[in-house]
Each structure stands twice: as structure tokens, then as C-alpha cells.
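Novice: So you can see what is in the structure, the chains are spelled out below.
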Amino acid sequence: MSDKRLAEELFELEQCQSGSGAGLDLSRRGFVQLLGAGLVITVSHGQAGSLGVNFQPGKRGTIGSRLHIGQDGIITVMTGKVEVGQGSRAQITQAAAEELRVSVDRIRLIMADTDLVPDDGTTAGSRTTPSTVPAVRRTAATARQVLTDMACRRWNVSDKDIELQEGTITHKTTKRSVTYGELAKSTDFDKVYEHSDDGNATVTSVSEWQVLGVSVPRPNRRDIVAGAHRFPSDIQRPEMLYGKILRPPGFGASLVSIDISEAKAMKNVVVVHDGDFIGCAASNSFSAAKAVKAISKTATWDVPDQPSGKELFSYLKDHAQIDQGRGGRRGRSSGKSKGSVEYGLKSAKRVLSETYEVAYIQHAPMEPRAAVAQWENGKLTVWTGTQAPNRVQSDLADFFGIDSKLVRVIVPDTGGGFGGKHTGDAAVEAARLARVADKPVSLRWSREEEFTWAYFRPAALIEIQAGLDGNGSLIAWDFKEINAGSSGINSPYEIPNARTRYLRSDPPLRQGSYRCLAATANNFARESFMDELAAIAGTDPLAFRLSHLKDTRLRAVLEAAAKKFRWDKRKGKTPADTGVGLACGTEKDSFVACCAEVSVDRNRGTITVRNVCEAFECGAVQNPDNLRAQVQGCIIMGLGAALREEIRFEKGRILNAGFAGYQVPRFQDVPDIDVVLLDRQDLPSVGGGETPIIGIAPAIANAVFDATGIRIRSMPLSASVLKKAGK
Amino acid sequence: MNDTITLIVNGRKTAVITDPQRPLLDVLREDLKLTGTKYGCGRGQCGACTVLIEGKRSLSCITSVSEASNKEIITIEGLTEGGRMHPVQEAFLEEGAIQCGYCTPGMVLSAVSLLKKIPTPAESEIIEWMNPNLCRCCDYIRIVKAVQRVAKGASEVKSS
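Protein chains in written order, with our numbering: chain A, 1257 to 1983; chain B, 114 to 273.
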């Protein structure tokens, strides 16, 4: 990752104020094996045999830190990445299987257990594909080479006539063969694990892929569909209690007085009171909640004055830090500058200025934050749903003042992340309760807590001014964004005079990453504004963009989407109150273009999305079905932010902290969707879980304009604007 | 105050001694350790907690355990019979209709109850029936396809 991009991601992660943190222990879990006839049997770890109870992963940088070859031929692969539904489990399994020349059934992937796996960084930034997959492939290819060399030495042959298939190494001329498992029985096999993980072995070229490039399904899908997989909130430990935390009535509140005596008198309830941290643990969550409720009645708090959602944008603008030019943290100028914006605007024939407002939204993963914490002989183990296991590990170590070697964080495959689970809040809370209770504690946030005390995709105020020359081409571009962050802030278009700035402000809500971060806001504003410029120039929106685009990959998705959507046939030919719009963008080295058709009911002020076509390109595609699912998921999730989602708040409280008041997309909201995947086998694979989301909101806004002549410069697209302008 | 409540879950009768006001969801998960049924919102707004009570689709987070006493309850764990998965589960697998999988048990049970009522539903009927179930991964398209796959199988059996 470029330093600059790393800095952007880290900045947006930094926005999460509290660091706190908390997987199924596979060395003690029973493996579920599925036989051909659909019979499900549970095999205890000992019989599965892949990992001994005394298994120790190898040192960082060695093959042993990443792989283990079982004598039964099962290959255990270790990664610090997590599975939150984006398909990393299948993909990393494929990566290892490809290079080891085995089918995916021979791979057991251990994910995100800090005792067992390497630190592969936070699962974020669409980094699994461009970073972790190559690392796994390099190590697996090195192991393949080391094992081959081992066999060749045994047989005293060169590796010229060697064939590898399904974990068997065969010398074709003499027909001698040995399996990986048999080699693993040799007394000096430990040398393999000590070997550096970055040998000279070449990874398989795309044209020869057998396992990568295939739509491999999720390896533990049967567990999921049977309800057998234990998500973080499902983890069971002996003598486990259930915890609940007392929440203040508003952000930034301080406790004035409290009386915990009624709760303390409750049978079998553990009360933890440590300053402003108050929680209860009991034999079931209902009792814990009852105890917390009793305490809550007695508590008085001081909630500081703070801005409400109604004054959000004026507040962000008033507190925007003055741009001090390039560099420096305060009011830092991110984004590219070119030429002279002042000159460009002065020489322009037409100048346009507009402001866009983007509301706070939330990820609302199906599984709220959850953690199970257990202290044993001074060591803390936490199972928790987080995208940042190593960060949570160090947060826990810091919080309790212990060495991180005494903290084990395990992330079982989790019920959704979307950039919203970079922090381990539940992990620290559960660990605090467990320490006092001296028993394992399971803590699961309620939906209301998840909507209030997690964090949000930042709101944004975006001001754009641009100039067109006499030919209707862009001659100046001045883009200023307040609060959301610099992801996706740069324009991909050819503009001789341009300035792009991002200004911090004083956000009233806790904010952090989201699926594609601030690019969701920045691309909405940019692509809506491009459409406004096209209209002024009297040019078709597609032609206007193409005339300013040199980037061949972005052009390719734009043309592909327009072609599949039949843009030329539909633009200007839609019935009344129906319109089409398009948008494109690039982020994280991938490229998206989106066309949408909407119909509008001006009286009701409703926008219905009828048809969406998205073209997406992220280099060589490693798992087509999963990528398609990610693109579809992004489109539908993005509809919510485009049409309905908005966090409303006042006096430090979230007013719509539930699915009734915060309306996320449902079955009935799904339009006809066409996805065109451009498989560029000649380009390195990059991630695809985020970028597809940035095209949908501006495409819809532009389609609404096409249908009604009305510009709605906000996310969500405010229907009331339609109603007012209606008659 | 605790009551003794008889629950019939996946064909097994169990007595629990507990506060009758506790949500059925909690009792299933915490007392019976049947964690397949999920908590999504606690307010009946997302369908993650869907179970069948006397064959009817029910939201266990807003059903008290006393309301469910002496009634046949089917959870996701109860759909597997003799090691074989239910056709709806197989269809979800065949269509790959799983991303994070957290909504999956609720979706499966919702679909099971639909197909009991309407063995070959139209797409619009599937969408309307399944609408109370949320999927934040937004895998709706594949879930509808999974239900259609089962329906198609049923209609083929019917016509053969």
C-alpha cells in the first residue's frame, strides 16, 4: 500500500476515539466432517490430527508461521485476516491450494487467532487480495518447492520430471512417489517450517490457475446453514455468565451519583463499578439487564451541551480547520493540486458552484458487537467480532497493563463488519466484567447500543466550484470537503487547473471507517457535480465524462456499463417521471461505473430504483461468484445510504437507534441488477469488497435529475425536495 | 419469580425453571445452548430470531418463553433430520446464498414456512413474505434464487 493511502486509512481508523478490544479455538474445537451422503459427524480434534495440542506456530517470516503439513495430508494454513462475509476464507484457502497443487478440501484455514496466526494487519482497505493473498501464495509456493526438493534429495533426482498433484509428488520417469503427509513424518521435517517464507519459488501464472479464478464456495458453509457455526455472540464457555453495561443517557456524559445496592442485593449477580464504568454479569442476560436497569434508575448524569443533527452542516462548516496549505496535521491539505485554480476560474466561460451535504450513516451489521472473555492463570482469552484482532490484542494488553503475550484474541467468522468493527469495545467490557466475576463473561451489545455507541461513517459538507471553457470542457476544479476524510477525494478526470482539499472539523459523533470510507461521500458529490456541468455544457453525461478521461480502465467500465445498460437507447427516451443517470469512480486500484433508471412520484416524494447496471474491474478475478455477490451487496447496501439512511441525533442521543427508525434496504427494495465483471487477467488482482458502492448514489441522483429536472444535493436524497419543487 | 415451563424444541421436551417473561430467544440460546437462532434487534424488526411455533413463523425475541410453553418449536438445529439437511438448506448451499451467514437461520426458517403455505410461490410472493428478514450483506438476490430453487424442485415433483 502506498504510504499516502496507508496514511488515509490510518487517519480514518484514528477517528475512532476509543480503542478497546476481544475466535473459535480450533485446536480444541471438534471438526465437523461431511461425508458424501450428507451425513454429518463430529470428529474430535485429536482424531482430525492436523494440529497437535502442543502446536506452536513458527517464527515470523518462516514457512511454519503460515503453514503446517499434517501427517494425514491435511494442510493447515494460518492467516490474521478475518471472515465477515466478504469471502476471505474461501479466497485465502484458494490461494494456498493453488500453490500447493491441492484441492481446497485439503486446506484447513485458521483465521485470526493471535496465538496461532501471523499478524496480517486489519481486515480493511480491500487489502486481503493485493497483500495477504500474495503473501500466502509466496509461502505456499516456497513450501511446494522445499517439499519437492526434499523428495528429489530422497530419490537423488533433479526436479525436472516431477509432477505434483493432490498432495502427491511423483517422479514421472521412475514412477516413485511420496505424499506431503509421508514427508511430514521424516525426523528432520521441522527444517521445512524454519525455512524462510519468501523463497525464489514462482507463483502460478493466471493462465494456469486451477483453483484461483474458480467460484469456490465458502468452506464452512454447511456449518453456517445448519446453525452450527459459533459466531462471537454464540461462543460457550463452562460456567459462563452474561454481561450488560450501563450506558449513559448521552455522549460525553459524566456520572454524578449512583446507587448499586439494589443490584448488589440481587442473587447471583456480579456488579462491577469502576468510575463511570458500571456493568453486571449474571447467569442469563435477562437478569443482567434487570440488574443494570435497577442501577440505571438511580443514576444521575451530566450530559454536556452538544450539537444536534439539525445544525450538523453549519456546525461542521463553522468548525472546519483553516487550510494551512500542504502538510501539517491541522487543516492539512490532502489531494492533488495542479495548475492554478484561480486562473482557471477567471478564464472560464461558465462557472458553477454547488454544495453537497452527506449525512452520518452506520454499518448496522446483523451481528452487533459481542465478546466472550475468559481469564485463566493471568492469561486473557477473548473471542470477539472485530476486523482488527492484533489491535484489539494490544488495546487489551494496554488497558490491563499486561504483556500482549498474555492476551489471546480469537475472531470466529463474524456476522458482518463493513468497516464498522475496527474497534474492540465489547472485548474490553467483557474482560473487565470477567476479571471481577472470575468467570467467563459473554457480552453482546443490543441493537440500540450498536447504533449508539459504535461509530459512524462521517458526515460531509462538500463545496465544489468548477469552470468550463468555451468548448464546454473543464478548465478549473476546486473541491473542498469538510469532515469525512480524504478517501476518493481526487478527481480521475483531466483538468488543467485543479485543487482538492480536505478539512478536518469538530465532529459531533464518533466516526470511523465504512465500506469505502469517505469515497462514498466524495464520489457522490463529484459525480453529481460532473453531471451538473455536463448539463450546462449541453453534453450527454457519458460523452462529457469520456471526453475528460484518459484512464483506460475507468473508460472501460464506463463503456461496459453504458453498453449493457443500453444508455444510448434509453437516455432521453424514458417516459414521464422516469430517468436514467450514470456515475463512475476509482478507488483502491479498482474501477466502477454505474447506470441507473429511476421513477419518481413527485406527490409522494418517492424515488424508486428500477434497474441498475454496474461494471466493475479489479484485475484478475480470483473468485467470480464471490465478487459478483460483493458487487450486488454494495449496490443494494448503497441504495440505503442514497435513499433513506440518516443518523438523527440530539442532546448526545441517537434518535433512530433501531431498524424501525433507520431503514436499511430490504428484499422489496432490490431493483433489477446487472453486473458486468471485467476480468483483466493481465493485471494484478486487487480487492473488490468496497469500491462498487461508490457508483450507486450519484447514479441515482443523476437519474432523478433526468426524470424531474431537479437536483438533490444530499445523501440521503431528500424526497421533500421533490415534493416542494413538485407542482 | 420463576416458573416451571415445558418447552418442546425440535421434538424434545424440556422443562426450564425461569422467569416467564424472558424472551424465548434467550432461553433457546442461553439455557438450551441452541445458538443457531440469532439476536439481531430484540424488537421483532429484523427476523434473525425466526423460529417455527406450531408450524407458524414466529419472532422468538418478542415471544416470551411462557407464551411458547407446550407448543412445538422448531429451530434451525431441528431442520437437519438423520444427518440430512432440509431442502431449503441444500438450496441455500447450491445457490451460495450466504455471505456472513448471520441472517441465514432466520432466512431459512422464514423460507420453510413460506413453502409450507405456498409450495410454488411467485417471485413477488417470495419477496413479500421474506421482506421482514434483513440481510445487511444484502445477499437478497441469491436468497430469492434459493427459495425459487426449492419451489422449482417441488413443481417438478408435482408435475412428474
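Any given hint could turn out to be false.
In silico DSS-like pairs for lysine-lysine, Cα to Cα no more than 30 Å straight-line [claimed, not checked]:
{"#": "1", "chain 1": "B", "residue 1": "Lys258", "chain 2": "A", "residue 2": "Lys1819"}
{"#": "2", "chain 1": "A", "residue 1": "Lys1820", "chain 2": "A", "residue 2": "Lys1315"}
{"#": "3", "chain 1": "B", "residue 1": "Lys146", "chain 2": "A", "residue 2": "Lys1546"}
{"#": "4", "chain 1": "B", "residue 1": "Lys258", "chain 2": "A", "residue 2": "Lys1546"}
{"#": "5", "chain 1": "B", "residue 1": "Lys265", "chain 2": "B", "residue 2": "Lys146"}
{"#": "6", "chain 1": "A", "residue 1": "Lys1820", "chain 2": "B", "residue 2": "Lys271"}
Here are a few chain B residues that face chain A, going by a calculated C-beta distance under 8 Å [stated by the list, open to error]:
{"#": "7", "residue": "Ile130"}
{"#": "8", "residue": "Glu143"}
{"#": "9", "residue": "Leu145"}
{"#": "10", "residue": "Lys146"}
{"#": "11", "residue": "Thr148"}
{"#": "12", "residue": "Gly149"}
{"#": "13", "residue": "Cys159"}
{"#": "14", "residue": "Ser182"}
{"#": "15", "residue": "Pro200"}
{"#": "16", "residue": "Gln202"}
{"#": "17", "residue": "Phe205"}
{"#": "18", "residue": "Cys213"}
{"#": "19", "residue": "Thr217"}
{"#": "20", "residue": "Pro218"}
{"#": "21", "residue": "Val221"}
{"#": "22", "residue": "Arg249"}
Partial chain A-side listing against chain B, Cβ under 8 Å, derived [said to hold, decoys possible]:
{"#": "23", "residue": "Gly1341"}
{"#": "24", "residue": "Val1470"}
{"#": "25", "residue": "Arg1474"}
{"#": "26", "residue": "Pro1475"}
{"#": "27", "residue": "Phe1487"}
{"#": "28", "residue": "Tyr1498"}
{"#": "29", "residue": "Glu1623"}
{"#": "30", "residue": "Asn1646"}
{"#": "31", "residue": "Gly1672"}
{"#": "32", "residue": "Val1692"}
{"#": "33", "residue": "Arg1703"}
{"#": "34", "residue": "Met1893"}
{"#": "35", "residue": "Ala1916"}
{"#": "36", "residue": "Ile1929"}
Hints in this document: simulated from the structure, not taken from any laboratory.
Backbone N, C-alpha and C fix where the C-beta goes; we use that ideal spot for every residue, glycine too.
Novice: Work down the list of hints and note, for each, if the structure agrees.
Specialist: Consistency of the hints with the structure:
no.: 1; hint: B:Lys258 <-> A:Lys1819; in the structure: holds, 26 Å
no.: 2; hint: A:Lys1820 <-> A:Lys1315; in the structure: violated, 51 Å
no.: 3; hint: B:Lys146 <-> A:Lys1546; in the structure: holds, 21 Å
no.: 4; hint: B:Lys258 <-> A:Lys1546; in the structure: violated, 43 Å
no.: 5; hint: B:Lys265 <-> B:Lys146; in the structure: violated, 35 Å
no.: 6; hint: A:Lys1820 <-> B:Lys271; in the structure: violated, 38 Å
no.: 7; hint: Ile130; in the structure: violated, 12 Å
no.: 8; hint: Glu143; in the structure: holds, 5 Å
no.: 9; hint: Leu145; in the structure: violated, 11 Å
no.: 10; hint: Lys146; in the structure: holds, 6 Å
no.: 11; hint: Thr148; in the structure: holds, 4 Å
no.: 12; hint: Gly149; in the structure: holds, 2 Å
no.: 13; hint: Cys159; in the structure: holds, 6 Å
no.: 14; hint: Ser182; in the structure: violated, 16 Å
no.: 15; hint: Pro200; in the structure: violated, 11 Å
no.: 16; hint: Gln202; in the structure: holds, 5 Å
no.: 17; hint: Phe205; in the structure: holds, 5 Å
no.: 18; hint: Cys213; in the structure: holds, 3 Å
no.: 19; hint: Thr217; in the structure: holds, 6 Å
no.: 20; hint: Pro218; in the structure: holds, 5 Å
no.: 21; hint: Val221; in the structure: holds, 7 Å
no.: 22; hint: Arg249; in the structure: holds, 5 Å
no.: 23; hint: Gly1341; in the structure: holds, 3 Å
no.: 24; hint: Val1470; in the structure: violated, 13 Å
no.: 25; hint: Arg1474; in the structure: holds, 6 Å
no.: 26; hint: Pro1475; in the structure: violated, 11 Å
no.: 27; hint: Phe1487; in the structure: holds, 6 Å
no.: 28; hint: Tyr1498; in the structure: holds, 7 Å
no.: 29; hint: Glu1623; in the structure: holds, 5 Å
no.: 30; hint: Asn1646; in the structure: violated, 21 Å
no.: 31; hint: Gly1672; in the structure: holds, 5 Å
no.: 32; hint: Val1692; in the structure: violated, 20 Å
no.: 33; hint: Arg1703; in the structure: holds, 4 Å
no.: 34; hint: Met1893; in the structure: holds, 5 Å
no.: 35; hint: Ala1916; in the structure: holds, 6 Å
no.: 36; hint: Ile1929; in the structure: holds, 7 Å
Hint violations for this structure: numbers 2, 4, 5, 6, 7, 9, 14, 15, 24, 26, 30, 32, all remaining hints satisfied.
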